[in-house]
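I would like the entire structure built from these sequences, with the hints used as guidance.
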Amino acid sequence: MEYWFVSVLSIMISVLVTYYLFRKLNFFKRHGIIHIASIPILGAMASIIFRRMSFVDFTRKIFIQQFESRRKKNWILRYKSVLCSVIWHVKNLLSPSILLADKSDINMKDIFDRYTNDVIALCMYGRKIDSIRDPTNKFYICGKDITYMSAIRSIKYIFIRTFLKLGRIFNIKLLNNHEMKYFESRIKNEIAICDTEHVTRPDMIQLMLDNRGKEGQMQLDMDDIVAQAYGFYFAGFETSSSVMSFITYKIATNPNIQIKLQQEIDELWNESDVTYEAVNKLKYLDAVIKEALRLFSPSIMERICEKAYKLLPALPGEKSLTINKGMIIWVPLYAIHHDEKYYDNPEEFRPERFLNNHQDNNYRSSFYFPFGLGSRMCIGRRFSLLMIKVVLFHLLARCELKQCAKTSSIKFSEKNLAMMPKDGFWLNIQDRNDKFDRD
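With full-length UniProt numbering applied, the sequence shown corresponds to residues 1 to 439, in that order.
Hints are computed from structural coordinates only; laboratory data are not their basis. If you're wondering where the values come from, they're calculated on a predicted model, not measured in any experiment. Quick reminder that beta carbons are idealized off the backbone N, C-alpha and C, glycines included. Misleading hints may appear alongside valid ones.
Derived BS3-like pairs (lysine-lysine); straight-line CA-CA distance at most 27 Å [as the list claims (entries may be wrong)]:
no., residue 1, residue 2
1, Lys310, Lys325
2, Lys307, Lys250
3, Lys165, Lys138
4, Lys310, Lys144
5, Lys325, Lys144
6, Lys341, Lys250
7, Lys181, Lys138
8, Lys411, Lys250
9, Lys283, Lys402
10, Lys402, Lys250
11, Lys250, Lys260
12, Lys307, Lys290
13, Lys283, Lys165
14, Lys290, Lys325
15, Lys188, Lys144
16, Lys181, Lys144
17, Lys341, Lys319
18, Lys260, Lys144
19, Lys144, Lys156
20, Lys290, Lys402
21, Lys402, Lys389
22, Lys406, Lys144
23, Lys128, Lys188
24, Lys181, Lys156
For each label pair, taking beta carbons as the anchor points, the in silico distance ranges come out as [said to hold, decoys possible]:
no., residue 1, residue 2, range
25, Ala192, Arg381, 26 to 32 Å
26, Phe234, Asn356, 56 to 62 Å
27, Ala192, Leu315, 58 to 64 Å
28, Glu197, Gly326, 41 to 47 Å
29, Leu164, Thr136, 33 to 39 Å
What follows is the structure in structure tokens.
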């Protein structure tokens, strides 16, 4: 009798689990939306999990245009000294120990990882770290670990996003406790120093501390400040260093663009003081960065619908769809930025399309949003652009970027959820023969 009871119970549980999985993964089918056929648990992302397709290529198959998102208050950098301190790290990046004359074949991603880590550490935590000369320091090692999406971490991420309740029940965590505790202790230590020693510093932690208890300001406790500081690092590290790597790759593989950039930089250096405000006004440098952000934008942007919205049928004969409040929407940024309906020859690297006098300046429209749109636009946008512009300015003022034997065409890796080439960003860096004293 007991055997039959266990057998029947097992069958019932199996049926319920199967029903749940198929219902959970048949949302598009139930609503008549064009979709990729899915399988239980893995959904339509089996090709990504098993490393058969890059996440970038996968998102090209999806196209969502309109949504509304809830508002969230943003933190904005206000201290000018924080912005100017980035130059200190650029000088480290361009030191003789890094630039080895015409024998300097460098993986730019590795260099920009260290640079980005140090700048965020300085501007977020107020601490100077020299990962350029000491790439084994604990802050950098832990930072690299928490931002690397390994195969196991990718599977965990997809599982948590698909089965949120089960993830909580089984206490599945995306990040390792060791790295989390290290960053938490560092942040709490910096806060304690500010509170006990009454130290005022030009960094992001100080900005949050200054707003504690102020009327009309977002009220943050210790956990909120730790979460904000940790999130700033997690969101900015990989994205910023990757963008810099892609930009330098495109500059090195397009010599005419590099020459034009250096002419603009030289003109500023000869005529005025090199300040962040002056660098920020360089139109061609700005256009080069915007074009690179279009070509190599994040694969997706996630938003939560704030109120019901009806989408027209994607194709003639298909059904319309109502996006209800609370639904999570993935917007395929990469696919939109590479759509020939919005950009002429979208695969071509052409900074001129972003100059004010050019007709193809879609960055003014709703079809260009590498940092998102509206009130939910990335809070680190200005900070990231600062790092990129300053490092490119000083790098191109002193050096020439060239292809080397290890430089290859970009083919995205199937082993990483982030947009990453299989063979790295190898370039040759040489001193400019025509440069004058710029130290």
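Comparing the hints with the structure gives:
| no. | hint | result |
| --- | --- | --- |
| 1 | Lys310 to Lys325 | 11 Å, holds |
| 2 | Lys307 to Lys250 | 41 Å, violated |
| 3 | Lys165 to Lys138 | 34 Å, violated |
| 4 | Lys310 to Lys144 | 42 Å, violated |
| 5 | Lys325 to Lys144 | 36 Å, violated |
| 6 | Lys341 to Lys250 | 23 Å, holds |
| 7 | Lys181 to Lys138 | 13 Å, holds |
| 8 | Lys411 to Lys250 | 14 Å, holds |
| 9 | Lys283 to Lys402 | 23 Å, holds |
| 10 | Lys402 to Lys250 | 10 Å, holds |
| 11 | Lys250 to Lys260 | 13 Å, holds |
| 12 | Lys307 to Lys290 | 32 Å, violated |
| 13 | Lys283 to Lys165 | 49 Å, violated |
| 14 | Lys290 to Lys325 | 33 Å, violated |
| 15 | Lys188 to Lys144 | 21 Å, holds |
| 16 | Lys181 to Lys144 | 15 Å, holds |
| 17 | Lys341 to Lys319 | 23 Å, holds |
| 18 | Lys260 to Lys144 | 35 Å, violated |
| 19 | Lys144 to Lys156 | 18 Å, holds |
| 20 | Lys290 to Lys402 | 21 Å, holds |
| 21 | Lys402 to Lys389 | 19 Å, holds |
| 22 | Lys406 to Lys144 | 23 Å, holds |
| 23 | Lys128 to Lys188 | 17 Å, holds |
| 24 | Lys181 to Lys156 | 20 Å, holds |
| 25 | Ala192 to Arg381: 26 to 32 Å | 30 Å, holds |
| 26 | Phe234 to Asn356: 56 to 62 Å | 35 Å, violated |
| 27 | Ala192 to Leu315: 58 to 64 Å | 59 Å, holds |
| 28 | Glu197 to Gly326: 41 to 47 Å | 45 Å, holds |
| 29 | Leu164 to Thr136: 33 to 39 Å | 37 Å, holds |
In summary, the structure is inconsistent with hints 2, 3, 4, 5, 12, 13, 14, 18, 26 from the numbered list given earlier, while agreeing with the others.
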